[in-house]
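A.B. asks: Below are the chains, spelled out letter by letter.
There are 2 protein chains.
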Amino acid sequence: MPTISDRMQAMPASPIRKLVPFADAAKARGTHIYHLNIGQPDIETPAEWWQAIDNAQLKVLEYSHSQGIAPLRKSISDYYKRLDYFIRPDDVIVTTGASEALNFIFAACMNPDDEVIIPEPFYANYNGFAIASNVKVVPITTHIEDDFALPDIKAFEKLITPRTKAIMICNPGNPTGVVYQLEALEKLKQIVLKYDLYLIADEVYREFVYDGEKHASVLGMDSLEENVIVVDSVSKRFSACGARIGCVISRNAEVMGAIMKMAQARLSPPTLGQLGAQAAYQLPPSYYEGVNREYNIRRDFLKQALDAIPGVLCPEVNGAFYAMVRLPVEDTEQFCQWMLESFEYKGATVMMAPAAGFYATPGLGSDEVRLAYVLNTEDLAKAMECLAEGIKAYQAVRAESTAG
Amino acid sequence: MPTISDRMQAMPASPIRKLVPFADAAKARGTHIYHLNIGQPDIETPAEWWQAIDNAQLKVLEYSHSQGIAPLRKSISDYYKRLDYFIRPDDVIVTTGASEALNFIFAACMNPDDEVIIPEPFYANYNGFAIASNVKVVPITTHIEDDFALPDIKAFEKLITPRTKAIMICNPGNPTGVVYQLEALEKLKQIVLKYDLYLIADEVYREFVYDGEKHASVLGMDSLEENVIVVDSVSKRFSACGARIGCVISRNAEVMGAIMKMAQARLSPPTLGQLGAQAAYQLPPSYYEGVNREYNIRRDFLKQALDAIPGVLCPEVNGAFYAMVRLPVEDTEQFCQWMLESFEYKGATVMMAPAAGFYATPGLGSDEVRLAYVLNTEDLAKAMECLAEGIKAYQAVRAESTAG
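Residue numbers (the working numbering), protein chains in the order written: chain B, 969 to 1372; chain V, 969 to 1372.
Everything labelled a hint here was simulated from the structure, so no lab data went into it.
Check each hint, because a few of them may be wrong.
[Claimed, not checked] Heads up, simulated SDA-like pairs for lysine to any residue below, C-alpha to C-alpha not over 20 Å straight-line:
1) V:1027 with B:1018
2) B:986 with V:1033
3) V:1162 with B:969
4) V:1155 with V:1114
5) B:1157 with V:969
6) B:1162 with B:1190
7) V:986 with B:1037
8) V:1104 with B:1079
9) B:1027 with V:1006
10) V:986 with B:1225
11) V:995 with B:1038
12) B:986 with V:1058
13) B:986 with V:1221
14) B:1182 with B:1261
[Stated by the list, open to error] Each pair of labels, with its calculated beta carbon distance range:
15) V:989 with B:1253: 30 to 40 Å
16) B:1158 with V:1053: 57 to 67 Å
17) B:1038 with V:1022: 20 to 30 Å
18) V:1161 with B:1130: 40 to 50 Å
[As the list claims (entries may be wrong)] Partial list, computed: chain B residues near chain V (C-beta under 10 Å):
19) 1077
20) 1099
21) 1100
22) 1206
23) 1244
Ideal Cβ positions, reconstructed from N, Cα and C, are used throughout, including at glycine.
Whenever a hint applies, use it, and build me the whole structure from the sequences.
C.D. replies: Given below as structure tokens:
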């Protein structure tokens, strides 16, 4: 029997999805589950999205242009113009979600065994995309006690080797909710120019920055035209995760040429998703404000509720819709599984993502979880009550088993 | 300025798409173009496809399961049952087109520098997917004079090295239209068992086999459960190329486990496409028969028209909707460009794919083109008349320039 590749043997299964069988079993028992484990918003996809698909009245569902349909790339360019970034439609390649964008970037920019430095904890799937291209992820650790602030330049420099090819950030951060402001970006600028690196920024949560703060994109930094590659997506912005529409944005013509080759090989991104996205990108600023307001309320609510649970540490969360939270338990993988397998409160339980899978350094994050506040405050209230009761019950069970 | 990866520097741009700027210029001059260059059918996507999307009345366009939605995988399993192949829904992973399926398979089954033997001419994008995973394509040449028949076992054995990991076929063949029957598959079976290889079969044109012949899938061969991996797609079957829905099928649990990890990393295939595909896979046999009949008529028409053009060699074409055709010109890249740049007949011209891009061996195919018979016979008739006139005119121009 032929054997699978070394890279796939090395690739971990998704840490978020490991718990799915336990959740399925809980549902089969009739237990309601509050899903704080995955970034699937409950917000409705804009009516304009569906209308655009209806209006097209397609008879044949044809391939689109490999770069993405021109009206969508124009809409994306216009969207950036409103944010004061000058991006030509030709600086955009539409991709099948941010996932494909990341795949393309790793394959286009890095050779096997090249290294990319990423602040950890980071979005676990970055690992998967890197492994598929035989690229090595080098983590630089950030800490819950510092609200996951970007490390200083010296810490980065310690990790730079002749194989270092890029620094990659997620801003606002999944899973941390951290927002890097200009000062942090300036640090990165110094490093990438000094060592001639790519600066890859996943900015899919750009519109989710709270308290009236503005998001600073790496697209606005001068002297970085050849270094900056941005990953973007409609998934969270327009609550259209299932459309699988994202994009790569760069002013580096060589990089875009390389990515275009891959884009042509896979023919085109999904056609219907592009029609919907094109319409959504023409929504007025009030759309973004409305969604932002809703998540700001949820963030405030979650933080307050978590701060009220004894032993829980919730850092500052300024963006995205995640929080990395320390729980008063030793091993959150066990605790999260126990919540699904052995606990319910008022007929329900809470599903969370154990944090260890978001750290590349073994041993880190074992007492943390990632919570996605993608539910309305009424459901969040119930989920937080359930979590508080769960922690109490779990501590009691643990104390008993230790005593025994 | 950081440099792009070696693999992308090595990757050729799509041979089919190189001519696009010349086609755009011709259109801008008002010349109508008969597109025989790309496999985009003119057949309508089934009404049931659109109805299924309408009926779902989605409010939130959510992620689906990474493996693909269960009802679609069930429909695919049922489809295979009608063809007498027993495939469990869990033997299916839904992908973003056959393109993603091929990407997953190369990354999951092969290490960098591993080799896959593919009969040439082959679908040019196989190269792109192989390069992205640093896999080496080893071509085994087939010939227009033999109607592109599969080479014998000895020819394969000459190419096998310690790095050979797989043999890959496209059956029915893009770009050749060749159909491998059981005898050819038995040869492959002997080789893959003897050398412990994967047998990867791209069968997306399965329903396009003509003259009442039946398609033989590698899924029906015994003793190959651990070796066989099939790539499938709804793109051509239901004229839904823009949906980007395909799948990987294998009974090798280890391979499927490895591919699942990648499937989870990219989250999910497009949701709306899965809804449409699920409905389409429930269409009765009469649907396939109707489409097959139409392409059979087109194939007959095309072959007859080509045989009537002096100096043109059109081999037997038994499947898919392509023909690799020898033209009485020296260099089809130049000829195809000339047809777009310098020729028109009754206000129109013909766009074709030069064949050299489908061969991995340099120098082969320079007098061949791939024609996709994706137009109705009325348009095909005009296209063939235009091609015949074009060849005459080109030969006259060439004779003149040689004489001069």
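A.B. asks: Are the hints correct? Go through all of them and say.
C.D. replies: Results of checking the hints against the structure:
| no. | hint | verdict |
| --- | --- | --- |
| 1 | V:1027 with B:1018 | holds, 9 Å |
| 2 | B:986 with V:1033 | holds, 13 Å |
| 3 | V:1162 with B:969 | holds, 11 Å |
| 4 | V:1155 with V:1114 | holds, 17 Å |
| 5 | B:1157 with V:969 | holds, 13 Å |
| 6 | B:1162 with B:1190 | holds, 15 Å |
| 7 | V:986 with B:1037 | holds, 18 Å |
| 8 | V:1104 with B:1079 | holds, 15 Å |
| 9 | B:1027 with V:1006 | holds, 18 Å |
| 10 | V:986 with B:1225 | holds, 13 Å |
| 11 | V:995 with B:1038 | holds, 17 Å |
| 12 | B:986 with V:1058 | holds, 17 Å |
| 13 | B:986 with V:1221 | holds, 18 Å |
| 14 | B:1182 with B:1261 | holds, 14 Å |
| 15 | V:989 with B:1253: 30 to 40 Å | holds, 38 Å |
| 16 | B:1158 with V:1053: 57 to 67 Å | holds, 60 Å |
| 17 | B:1038 with V:1022: 20 to 30 Å | holds, 27 Å |
| 18 | V:1161 with B:1130: 40 to 50 Å | holds, 45 Å |
| 19 | 1077 | holds, 6 Å |
| 20 | 1099 | holds, 9 Å |
| 21 | 1100 | holds, 5 Å |
| 22 | 1206 | holds, 8 Å |
| 23 | 1244 | holds, 8 Å |
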